[in-house]
Amino acid sequence: MGQQPITFLRQVVALCCYPQLLESPSFPEDAKQRAQRILQDCGGQSLGSYSASQGVECIRQHVADYITQRDQGVPSDWNNIYLTTGASDGIMSILKLLVSGQDTCRTGVMIPIPQYPLYSAAISELEAVHINYYLDEDNCWALDIEELQRAYLTAKQHCQPRVLCIINPGNPTGQVQSKKCIEEVLHFAYEENMFVMADEVYQDNVYSSDCQFHSFKKVLYEMGPEYFNNVELVSFHSTSKGYTGECGFRGGYMEVLNMDPQVKVQLIKLLSVRLCPPVAGQAAMDVIVNPPKEHEPSYAQFTKEKSSVLDVLAHKARLTERILNSVPGIKCNPVQGAMYAFPRIFIPPRAIQEAQARSMAPDMLYCLKLLEETGICVVPGSGFGQREGTYHFRMTVLPSPEKLKVLLGKLKDFHLCFLEEYSQEEPQLSRSSQHQHRENSKPDA
Amino acid sequence: MTSLQNVNPRVRRIRVSPHTGLQSLAEHITQEIAQGVQKPFKEVIDVSSGDPHKAGMKPISFVRQVLAVCLHPELLMNKTLPLEVRLRAQRLLEVCDGESVGSYTNSSGLPHVKQSIAEFIMRRDVGVPSYAKDIFISAGSQRALVLIVKLLASGQGETWTGVLTPMPCPYTLPTLLDEAGVTLVPYQLMEEQGWAVDLDELHRALKTAQGRCSPKAIYISNPGNPTGHVQDWKSIEEVIQFAAAERLLLLVDEVYQDSVYGKGRDFISYKRVLSEMGKEYSETVELVSLHSISSALMGECGLRAGYMELLNMDPEVMHLVDTMLCTDISTPVTGQLALDLMVNPPKPGDSSYDTYTQEIVFTRTTLSQNAQRAQEFLNDLPGMSSQPAMGGIYLFPRLDVPSKFLEQAKILEVEADVLYCQMLLEEEGVFLGAGSQYGETAGNHHLRLCILVPPDTLEQVLPRLASFHLRLVDTNLHPDKSAGMREIL
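Residue numbers (the working numbering), protein chains in the order written: chain A, 17 to 461; chain B, 146 to 634.
The following block holds chain B by itself, in its conformation from the complex:
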């Protein structure tokens, strides 16, 4: 019988995310409610993860209509669906093999969709050229990322590949790096400066890697996940210069590029900045840019599609990327078509344009209004402080807990913010993400709150959170309560 010691050591080394424990607890409580157990709340509200549809946000009608017609082409004749929708579906079916979404596609994606993406990037970056051959579609941007990191993974001991990783980072990133078999080299983002990137800190982090591993890449997300920081031109330039000087591959996650709401801030792509930096950079720095349909406006996490654009990559490596994608034939056609619809939305004059625009505006407004509301609310709570977020779909407030609570957490051998989230779930049925799962942030504790939720949901979450928080700050923790908590874990 296969036992634990026969399991691939690389799999064993994949760290267990504290999110898993919290998720199980949330599920457990939901089951209890379904079984009729009395709780001080009717249901668990999950605002920990970036899953807008789960939270109640609606998909873009145009996208779902077109996909439905592509799935069931009999609907091409259905006059209750807008003409635009049916015409678009027909065009998309024509680019699918056998005019069916059930056919295999090229391993790097449908050529038509890759071309659409290239054109979108060119428009977005004000004319900087983009080519379909440099675009690789995958089942979610994570799949693309893991592929590149796996290609980078090499060496032994000291020369083992390291990847500079921001703290905090997306909660899925550390496990992904573990799976790919590379070493995570953390660099702290500067909380007091709105979670900005600091060059000195990058250099310091690089130094810590000496003798431990050989950093080959630097990962960064912009807008920041979970911080909400949006980099300005200068900041992006600095990071590129650093990557160039240290010969690091740039892994840039730009999934939330469609959700910048901060005043006076715009999304600027790394590619655009790079293109204006002079040949010694623009023709040498290796850049991998990632995007996906799990974005703020689309929220189509379950459809699983994303892409990466590779710049200045050795053609032989690009060939390898293509080969590796062949063993991972994994991007569903419906997801690929959704990508096309994302980069090619209805235009002014199209019959679907008005509805589309309304829906987009609603989502954007919800996001920025929620951000402001939540930020103000949280900053009013003692021991809670939130940096102003400018984009992305989360707030990442710092949690200053009473020392007694810290002690309790120590005794229970959990991080204080994880304990906080556990108790919040138990007492108020609110599920937030714990900051420590995103990597150590200079000994502080944080919470992750997804703000891309219907406003009503936020209005339920905030008072419950406040109620719990104020109780915690005012009172001591009861020993019997913590014992009960341990049992559940």
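Isolated chain A, as found in the complex:
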């Protein structure tokens, strides 16, 4: 989407890829050092060797160091770190591991609505049971613990709820959980013996000054040893988001806490079937968790690039929210984090009827028309899940501010026309056939 990669990251991976460049004066010493360290732990000092299934050892250690530092000293053991092919791969593996039982004992997986559809797809593929818990739109998409409990109790009647998935910061909602909320969730997990999957890929994408990223692990630690030593928690991160946006590298990691040793053996066995995650992606992950330090030559440029990306994202988030909220019939919650706006749209009853007649969700109809009339492609809320009778769409805030303004302007115009077109009482011809009708009814000259 036009965002520039972080120079340092690309330098390190390029050096790993073609180590002859280590002789080149055009690469800084700190990049060379990182590359050499990574290659040292690669078979034959090449990115082309298979690594161990859990990942290159020094990279796992660096991940553990990063987490320890991020969480202000809460210890992280590199043996609990698994490098993955993007976070998606880790998420799929854990879900696959945990689905078992028949009929009313079948594993139930709690997912937020709205959610990133990888979860619902995985649950379907694994034939586990969906347990939806609704985020509170009127309250900035906050997680309501009572709703969690409601969903749990209802589900218990027809399945065995075992897994609780949370996305923080949220996708598509962008909400950033408060520390108190995370505590309540972990307490719930402790009480009901739930396995918590914390998708934290947007941990570097927090824009609202009222919000702060709290890692599930740190909160768990601060709740005391009874919780910290018992609640099963897997936390995910990736190279695809944050300030690096390296989606094409397929890099990620997961940290696994309090997993039964026998279950861990099964996890390792499962991961080894895939041989190993792409080593270039592992190298990218290494740079993210081991960026230039203050005294290093690349520090200034790195910091500048990182701030620039994050500042612009924050600006775009606010801009998008503001413009969307200026449109009658669109209401957008504050974009506290992540990379998306997920506004609620008012769809007139007549449009809903037309959508039903065409066997599609009303917001899908909206998005199709938007695409056809403006060339803007967004994803209907029905793809992520939403409360019955509400409609949304998700757009990213990634285009440049200039482009965003243009695009949001077009969106605004479209929306107003859409409302007008479908708001009238009498059966209306569509605009093009109205024109035709007028043409046909012109008197002959």
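Fair warning: there could be bad hints in the mix.
Straight-line C-alpha distance at most 27 Å; calculated DSS-like pairs for lysine-lysine [claimed, not checked]:
id : chain 1 : residue 1 : chain 2 : residue 2
1  : A       : K112      : B       : K295
2  : B       : K424      : B       : K408
3  : A       : K48       : A       : K280
4  : A       : K385      : A       : K419
5  : A       : K48       : B       : K295
6  : A       : K48       : B       : K203
7  : A       : K426      : A       : K385
8  : A       : K280      : A       : K234
9  : B       : K295      : A       : K280
10 : A       : K322      : A       : K309
11 : A       : K320      : A       : K309
12 : A       : K112      : A       : K48
In case anyone wonders, no lab produced these hints; they're calculated from the structure.
Keeping the supplied structure of chain A fixed, place chain B upon it in accordance with the hints.
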């Protein structure tokens, strides 16, 4: 707390490969050496797995240069890199979204790369048409294979999907089939005929499946992994006819197609043979052909990219393949670009051509010379016999061990070839693959030796192996030694 009984039964059923145990032992010994423990050798030499770079083979310079420029486009201006390299990198960046290797691609792969692959296949198969829409790129050919097998997995009890699988087969295959949840139906390859496929054996294997499962596919690797057998036209035709008659989907792993060195043998693709078999075959037999950058000449296992070409597949199934790939957005862009470079190497006249050719020739020569050297060497050892390999990157010699050794293995409850490999590791620091991990081969024992290694490495391995082997054959096994072995395990 989640316990073992809560774990997905399908995951639990994934068998543990004996390779895992040997690998741990190798790592353990390496750690001991690092800690200063005295051993009769300086380091463990791993010749068990098909990881050429790990063994010391070098990547193709052109590939790594182009990828480096794609990763760090500032290098486009770097005059120390050949012009060809920079031009190619520029062209490849243009086909990436946002001209960056950091962007997501289509779930089935970059259209440009798929087209390159289709064109490569057409050239290779002397004009048989190939279309980008039938190509699906994945993070290694295994990922593509597991996807197809998962789609095939259905039924219950007797109707449960079975896949005819050669014995021996790649050591990763049984676990992959377990993960996909299908039944492995073994068919023996004919060792005495250089590990050829035998039609009667295929029929026999099919019969054994009756009442147990419902075979829906047959897997075969050509060149054979780990056997090194290269099928001739007639053999391929027979397999296709068998698959057609029994309505089986053909899963053909052709990853080592670039490494045929046997005299008078060439690689022929299943697709090519199929295309010349008349419409009742060429338009009906469902064929999945697999290839990847983990090939002999590229050796880029860690970059993780491969592809499958689907032939005569129901369009709705192809759509499902595409959908499933969406949940597995897993092929790194650097790997996809490496695929492009593999199928589109430098041409005569290009400035990088000479270096490229030299490197390819070196790898090919190393492979065939190592094969010959190792084969002769092993065949000279008593109780060791190796069929002549024609391609691929392994030798798979048969091991005839003294009966006393067999008894010891029985007492220790390990397969004799696994015990052999364990002891070889302990005493000589040489890591070979054990044949029994590739599936039972008619009660015999075998070893897997990767021959795509620097010649120097082979020259270190062979004498150590001989030394160990001759000791074993001549002497009896000491009881205290085997007890020590048990502790480590």
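Next on the checklist: For each hint given before, does the structure comply? Return the numbers of the non-compliant ones in rising order.
Outcome noted: Violated: hints 2, 3, 5 and 12.
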